[in-house]
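Turn these sequences into a full structure, and let the hints guide you.
Below, each chain spelled out in residue letters.
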Amino acid sequence: MSGHVHRDDYGARLGMWLFLVTEMVLFGGLFIAYSYMRYRYPAEFHHGGSELNVTLGVTNTIVLLTSSLTVVLAIVAVQRAERKRALAFLSTTLALGLIFLVIKSFEWGAKFHHGLYPNSPHLATLPPGEQVFFGLYFTMTGLHGVHVIVGLGVLSVMLWWVATGRVRQDRYIHLENSGLYWHLVDVIWIFLLPLFYLAA
Amino acid sequence: MSVSIEHPAEAHTEHPGYAIFIKVWLVLLVLTGCLVGMSHVSQTYAVWGLLTLTPLKAGLVFYFFMHLKYEGPLFKVVVLVTLGTLLIFFALLFSDVAFH
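These protein sequence lines map, in sequence, to chains L and X.
Counting from 307, one number per residue, gives the positions in the first sequence under the working numbering.
Counting from 478, one number per residue, gives the positions in the second sequence under the working numbering.
Quick caveat, the hints were computed from the structure, so don't treat them as lab data.
Each hint should be verified, as a subset may be incorrect.
[To be verified] Computed far set for chain L versus chain X, every beta-carbon distance over 12 Å: (1) Glu-357; (2) Leu-379; (3) Lys-390; (4) Ala-401; (5) Ile-409; (6) Ser-426; (7) Pro-427; (8) Ala-430.
[Claimed, not checked] The list that follows gives simulated cross-link-like pairs (lysine to any residue, SDA-like), each with its CA atoms no further than 20 Å apart: (9) X:Lys-553 <-> L:Val-331; (10) X:Lys-546 <-> L:Val-327; (11) X:Lys-546 <-> X:Pro-532; (12) X:Lys-553 <-> L:Thr-328; (13) L:Lys-390 <-> L:His-480; (14) X:Lys-553 <-> L:Met-322; (15) L:Lys-417 <-> L:Val-382; (16) L:Lys-390 <-> L:Gly-448; (17) X:Lys-546 <-> X:Leu-557; (18) X:Lys-553 <-> L:Lys-390; (19) L:Lys-390 <-> X:Thr-521; (20) L:Lys-410 <-> X:Thr-509; (21) X:Lys-546 <-> L:Gly-317; (22) X:Lys-553 <-> L:Glu-329; (23) X:Lys-546 <-> L:Met-322; (24) L:Lys-390 <-> L:Met-322; (25) X:Lys-553 <-> L:Gly-334; (26) X:Lys-500 <-> L:Ile-368; (27) X:Lys-546 <-> L:Val-382.
Since the structure is predicted, the reported quantities are computational estimates derived from the model, not experimental observations.
Note that CB positions come from ideal geometry on N, CA and C, so glycine has one too.
Rendered as structure tokens:
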């Protein structure tokens, strides 16, 4: 049996999609919770949204959309055996992912500076609806941020594997699945932008 | 020796090029601009933008960037069943809320 390698790219992609739908259900539950709370506290959600920085939210959207583009272009480059171009696209994706996290940290830092963080004394003085708004804001953007960090880790490995030839023209399922994960992170942010930053 | 399993749905003979993805990215940027613009008009426009443009943007990412366009029906069914399930949960919650 040695030297006999079983490969099923179709099955690997299907497995990845099954994992991704569990992620969709995870975030979907939070989106449903948001919808109910916004229905219950419309004025407080409107006010909470006005305290978020729309420019930073939109900038991060453009950053993530562009990173999604570069990761899919990296796959095209690998399919065409253009390794240098694939490395350039993947490096750009990683750089954009880091920029996203830096912007996010500035944004969270400003909120912390104003006494807005989970369980803070200032947050406890706000109306219940605003407490819920910021609770959901930190939970959902925080969980999304964790996914960005995991995605960056996975894509760093892909960069290494493309560089060393482990991912190549005839074998790129790992990169394809990593890209799927990164795109889902992008899709979740596509929903977070209007729900939080454009809520006001 | 490497053994690959061939699937009937795996018609991956022709790979898409760079251009199609760049065009989709441009559309996504334009839609984001429209979404932000609508949110500045009024609350009603903002909600309509959220309900129409946001799923459209997500759909474009699913269909093109995530290659659902090039996958067999099974992948599309998996995604649609998941979204349908979430929609049922959403409808059940709000049907309950409506009678409170």
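Hint by hint, here is what the structure shows:
no., hint, verdict
1, Glu-357, "holds (15 Å)"
2, Leu-379, "violated (6 Å)"
3, Lys-390, "holds (15 Å)"
4, Ala-401, "holds (17 Å)"
5, Ile-409, "holds (16 Å)"
6, Ser-426, "holds (28 Å)"
7, Pro-427, "holds (32 Å)"
8, Ala-430, "holds (27 Å)"
9, X:Lys-553 <-> L:Val-331, "holds (16 Å)"
10, X:Lys-546 <-> L:Val-327, "holds (17 Å)"
11, X:Lys-546 <-> X:Pro-532, "holds (16 Å)"
12, X:Lys-553 <-> L:Thr-328, "holds (15 Å)"
13, L:Lys-390 <-> L:His-480, "holds (18 Å)"
14, X:Lys-553 <-> L:Met-322, "holds (13 Å)"
15, L:Lys-417 <-> L:Val-382, "violated (40 Å)"
16, L:Lys-390 <-> L:Gly-448, "violated (34 Å)"
17, X:Lys-546 <-> X:Leu-557, "holds (14 Å)"
18, X:Lys-553 <-> L:Lys-390, "violated (33 Å)"
19, L:Lys-390 <-> X:Thr-521, "violated (48 Å)"
20, L:Lys-410 <-> X:Thr-509, "holds (19 Å)"
21, X:Lys-546 <-> L:Gly-317, "holds (17 Å)"
22, X:Lys-553 <-> L:Glu-329, "holds (16 Å)"
23, X:Lys-546 <-> L:Met-322, "holds (16 Å)"
24, L:Lys-390 <-> L:Met-322, "violated (27 Å)"
25, X:Lys-553 <-> L:Gly-334, "holds (18 Å)"
26, X:Lys-500 <-> L:Ile-368, "holds (15 Å)"
27, X:Lys-546 <-> L:Val-382, "holds (15 Å)"
Violated hints, in rising order: 2, 15, 16, 18, 19 and 24; the structure is consistent with all others.
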